[in-house]
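One-letter residues, chain by chain:
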Amino acid sequence: MQIEQDRLDLQHHLFLLTLRGKLHLAPIENMQLHNVMDIGTGTGIWAADFGIIPLSFVFFSNLSHLASAFPSANVLGTDLSPIQPE
Amino acid sequence: MSSPSIVNSLPLTLSSVPPNCHFEIDDAEDEWAFSYKFEYIHGRTLAWCFKSHVTVFQSAFNALQPGGWLEVQDIVIPSRCIDDSMPGTAFERWIDLIKEGCIALGRDFGRVPQYKQYLQEIGFVDVVEKQLAWPIGTWARTRRMKMLGAWCKENVLSGLQGWTMAVLTRGLGMTLAEVELLLMEVRNDINSSALHAYVSDVSISI
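So the sequences go chain by chain: U and V.
Residue numbering for the first sequence follows numbering that gives the first Met the number 0, beginning at 0 and increasing consecutively.
Residue numbering for the second sequence follows numbering that gives the first Met the number 0, beginning at 0 and increasing consecutively.
Treat the hints with caution; some may be incorrect.
[Unchecked claim] Using C-beta positions, here's what the derived DEER-type ranges look like:
1) U:K21 x V:N187: 31 to 37 Å
2) U:M30 x V:A176: 51 to 57 Å
3) V:P86 x U:P70: 46 to 52 Å
4) U:P70 x V:Q160: 35 to 41 Å
5) V:D125 x U:I2: 35 to 41 Å
6) U:L79 x V:T137: 34 to 40 Å
7) V:T141 x U:H33: 36 to 42 Å
8) U:P81 x V:V53: 35 to 41 Å
9) U:Q31 x V:N187: 51 to 57 Å
10) V:V53 x U:N29: 26 to 32 Å
11) V:R142 x U:H33: 38 to 44 Å
12) V:M146 x U:L24: 15 to 21 Å
13) V:R169 x U:Q31: 44 to 50 Å
14) U:M30 x V:P86: 44 to 50 Å
It should be emphasised that the hints constitute simulated quantities derived from the structure, not laboratory data.
Idealized CB from N, CA, C, for every residue including glycine.
Build the full structure now, drawing on both the sequences and the hints.
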């Protein structure tokens, strides 16, 4: 189980590298986002990053396009499995 | 979606969750019962999650504010090859067995290429499909593709057993030992620079 969760986090990083640091491609940058949902959130890593990107990520990655955090939005992650942190 | 609850006691993979982010245990195929609408709904790698993707996309459509966006980032199954390096490999045999196993189990993992059509039929407008690819391994030419390929290879190698075991044992009646033997050969193929396989990704924004 932990192996799969580690893989999901690795896959998240693969998506970030692919999208050059962005969490989305939809043109939402200039929208007022109040409520955001992540379906099948898994470990919750996308939802947490979308809320605000952790400092550790900024320091330890070479990604220069860290424009994806939306600290003003409420982000809800849903999943069948309770593998998200509190 | 009737009785959401905030959970969890399992080992944490995130070191911190921002205060504006929370989680609920829900089955997205059940009726959605949120008292508010969303401006943006995101879903990633949902290819094997649902009996009916149309049901989930329809619920998302109903739960979006006018002008809101749904974005789905997903992986096209099965992987393909850029050349003729796949025939005769264990990797090819693995793909065929996964397909057979899925059919035996009545599961359809191959709907991603139809997402755009599903969404248009539901009534989404301005549907944009963007196709991307990850090489599996470092065989591609450019530095960026080698980097993505290295990450993708790690992702495939660590996911391989989990994706395969249930499908081949329950679907096709293979033994654990038979599957392990197959996966050993598949890992060898993936680690070999002779196999030029890739994963297609599709990102759809609506």
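Looking only at beta-carbon atoms, does the pair U:P81, V:V53 fall within the given range of 35 to 41 Å? violated, 27 Å
Return holds or violated for the Cβ distance of U:P70 and V:Q160 against the range 35 to 41 Å. Holds, at about 38 Å.
Consistency of beta-carbon spacing, U:H33 to V:R142, with hint 38 to 44 Å: Holds: the Cβ-Cβ distance is about 40 Å, inside 38 to 44 Å.
Does the Cβ-Cβ separation between V:T141 and U:H33 fall within 36 to 42 Å? Holds, at about 40 Å.
Satisfaction of the hinted span 26 to 32 Å by the C-beta atoms belonging to V:V53 and U:N29: Cβ of V:V53 to Cβ of U:N29: about 31 Å, so the range 26 to 32 Å holds.
Cβ distance range 44 to 50 Å for V:R169 and U:Q31, holds or violated: Cβ of V:R169 to Cβ of U:Q31: about 47 Å, so the range 44 to 50 Å holds.
Honestly, do U:Q31 and V:N187 meet the 51 to 57 Å range at C-beta? Between U:Q31 and V:N187, where Cβ atoms are some 52 Å apart, the hint holds.
Is the hinted range of 35 to 41 Å satisfied by the C-beta distance from V:D125 to U:I2? For U:I2 against V:D125, whose Cβ atoms are near 39 Å apart, the range 35 to 41 Å holds.
Verify the CB-CB distance for V:M146 and U:L24 against the hinted window 15 to 21 Å. With Cβ atoms ~20 Å apart, the hint holds.
Look at the Cβ atoms of U:M30 and V:A176 and judge whether their distance stays inside 51 to 57 Å. holds, 54 Å
With respect to the beta-carbon atoms only, verify the hint that V:P86 and U:P70 lie 46 to 52 Å apart. holds, 51 Å
U:M30 versus V:P86 beta-carbon gap, inside 44 to 50 Å or not: Since U:M30 and V:P86 have Cβ atoms about 48 Å apart, the given range 44 to 50 Å holds.
In the structure shown, a violation is registered for the earlier hint numbered 8 alone.
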